[in-house]
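S.K.: Here is how the chains run, residue by residue.
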Amino acid sequence: MSVVVLLLTSIWTTLRDILPIAVVILVFQLLVLRRPIAHWQRVAAGFVCVILGLAMFLVGLDLALFPLGKAMATQLAAADFLDPGRQVGEELTVALPWYRYYWTYLFAFAIGFSATVAEPALLAVAIKAHEVSGGTLQVWPLRAAVALGAGFGVMLGTFRIVTGIPLPWFILIGYAIVIVQTYFAPKQIVPLAYDSGGVTTSTVTVPLVAALGLGLASGIPGRSPLEDGFGMIALTVLFPMITVMGYAQLAEWRNRRHT
Amino acid sequence: MRVAELRTLISRFAEPLWNSTRDLLPIVGTVGVFQLFVFQQPLENVGQMISGLVLVIAGLTLFVVGLEVGLFPVGAQLAHDFAKKGSVPWLIAFAFALGFGTTFAEPALIAVAGKAAELAVVDDRGVEHEAMQQSYAFTLRITVAIAVGCALVAGVLRIILGWPLHFFIMGGYILVMLLTPFAPGTIIGVAYDSGGVTTSTITVPLTTALGVGLASSIKGRSPLLDGFGLIAFASLTPIIFVLLMGILWS
Chain G
1 MSVVVLLLTS IWTTLRDILP IAVVILVFQL LVLRRPIAHW QRVAAGFVCV ILGLAMFLVG
61 LDLALFPLGK AMATQLAAAD FLDPGRQVGE ELTVALPWYR YYWTYLFAFA IGFSATVAEP
121 ALLAVAIKAH EVSGGTLQVW PLRAAVALGA GFGVMLGTFR IVTGIPLPWF ILIGYAIVIV
181 QTYFAPKQIV PLAYDSGGVT TSTVTVPLVA ALGLGLASGI PGRSPLEDGF GMIALTVLFP
241 MITVMGYAQL AEWRNRRHT
Chain C
260 MRVAELRTLI SRFAEPLWNS TRDLLPIVGT VGVFQLFVFQ QPLENVGQMI SGLVLVIAGL
320 TLFVVGLEVG LFPVGAQLAH DFAKKGSVPW LIAFAFALGF GTTFAEPALI AVAGKAAELA
380 VVDDRGVEHE AMQQSYAFTL RITVAIAVGC ALVAGVLRII LGWPLHFFIM GGYILVMLLT
440 PFAPGTIIGV AYDSGGVTTS TITVPLTTAL GVGLASSIKG RSPLLDGFGL IAFASLTPII
500 FVLLMGILWS
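Chains as they are written, first to last, in my numbering: chain G, 1 to 259; chain C, 260 to 509.
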């Protein structure tokens, strides 16, 4: 079956991606540190699990979710969807007012949120944070906070493409908020919050968000898909920092009120 | 004995399996609700969708198990061994190699670099056009890979020396703001996005385990306060480096 072929191809590309990492680790572990890898059979089995798992995950996404998600991203900006009186395939000549794109904003938020929840890299960081914090940082609320931020970031990204407001403004204001929050947030959360932005934008989120940006930019008159399609990822990186620090601030504030 | 083994095996997979299913519900719900209620289209290829979802859930479960058995221990052991060896230059060399090696081969970066080259090298025509695009894309990939290498070096040094993270990150973003007005308009979006595309699903757990492992092995460092932050560096330096590259290229 074609699924088997897809799986084998996916395993092959995952292997290729992991190869430079494996080489770097082995060279340093064996030649520089000169120490064998402890329980190497277990570790090797773990790597096999990671490669197989990631390959299956990617093929599954390609079969079940990506085609539909990407098609939707394009469809949302189509003229006949935004303005029911128009013909299928007709192109807009004048930009519609920004509020006509409400389905796009809703979809952007929902897909940013839900893709982040499904992101394996974020899960890994949340597990580690839970372990390191001695259980005070719960896995699920942390991921929910990151997902809220990512959803908001993607939504703002679509708003930016619709309105054409230059990207640096959003980034400037966003980082100003981050700087102010860093002052007031509990010190323990700050590094984790900074990390959470970069972690969000990975296997699941990037393809969907990129498709959304591309579809939107090509559907709106006066926007170039190449030039305006960029910038979505940057906003998706930014807002999880704000929401994670916000979550810690809220938790601290509630604790203080209880005692 | 056999039964007990089987039971531990099942319990090892059962919880991640349930968690993976729960993690995928939102995205399935989003796509399903929009398809059925907003676009009012029936779901096509339901069989393919179900087999895809089974693969996604099984894959995520395997990944999480492999994470705990393979990736996390390797990162932690590396950190521990490096701390024991006490050689800072080798640790720096390792951090750079890890950052550079993983980023240069990153598929997401290759895709972005190709698109960015189309955008930047647009006025030239003819044969030179494509050659220039290729060299632009290649330079961009090298730039981002060096940036991530430097990011991990800076991040590891920060853990060793115990410097607070937020000074670096804020200083970095202030630098980004100062550089932005001087950079050509076409590269700004590319530069800002390049920070996000560099962090792959395999690199993230490994660098996190490395950072946390280092912070736990060095006396006086807190894993939570000092161990995290490597990814933050890796999402920041590519922006600065790519902006600089844009300024120098034009």
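In short, the hints are calculated from the structure, not lab data.
For every residue, glycine included, the Cβ atom is placed at its ideal position computed from N, Cα and C.
Be a bit skeptical, because a hint or two may be false.
As a list, the in silico PhoX-like pairs of lysine-lysine whose alpha-carbon atoms are at most 25 Å apart [stated by the list, open to error]:
#: 1; chain 1: C; residue 1: K343; chain 2: C; residue 2: K478
#: 2; chain 1: G; residue 1: K70; chain 2: C; residue 2: K374
#: 3; chain 1: C; residue 1: K374; chain 2: G; residue 2: K187
#: 4; chain 1: C; residue 1: K374; chain 2: C; residue 2: K478
Stretch-level coverage of chain C by chain G, calculated; a stretch enters the list once three of its residues show a Cβ under 8 Å from a Cβ in chain G [unchecked claim]:
#: 5; segment: 265-274
#: 6; segment: 400-406
#: 7; segment: 412-418
#: 8; segment: 427-434
S.K.: Each hint should be assessed against the structure and marked as holding or not.
M.R.: Results for each hint:
1. Pair hint C/K343 plus C/K478 holds up; C-alpha atoms about 12 Å apart against a cutoff of 25 Å.
2. Note on G/K70 and C/K374: the hinted pairing holds, with a Cα-Cα distance of about 18 Å set against a maximum of 25 Å.
3. In summary, the hint linking C/K374 to G/K187 is not supported, as the alpha carbons are separated by about 39 Å, beyond the 25 Å threshold.
4. For the given pair, C/K374 sits about 46 Å from C/K478 by alpha-carbon distance, which is inconsistent with the 25 Å threshold.
5. For the segment 265-274 of chain C, the stated coverage by chain G is not satisfied: 0 residues place a CB nearer than 8 Å to a CB of that chain, which falls below the threshold of 3.
6. For the segment 400-406 of chain C, the proposed coverage by chain G is not satisfied: 0 residues have a C-beta within less than 8 Å of a C-beta in that chain, short of the threshold of three.
7. With 0 residues having a Cβ less than 8 Å from any Cβ of chain G, the segment 412-418 of chain C misses the three-residue criterion, and the hint is violated.
8. With 3 residues having a Cβ less than 8 Å from any Cβ of chain G, the segment 427-434 of chain C passes the three-residue criterion, so the hint holds.
Consistency note: the structure conflicts with the earlier hints numbered 3, 4, 5, 6, 7.
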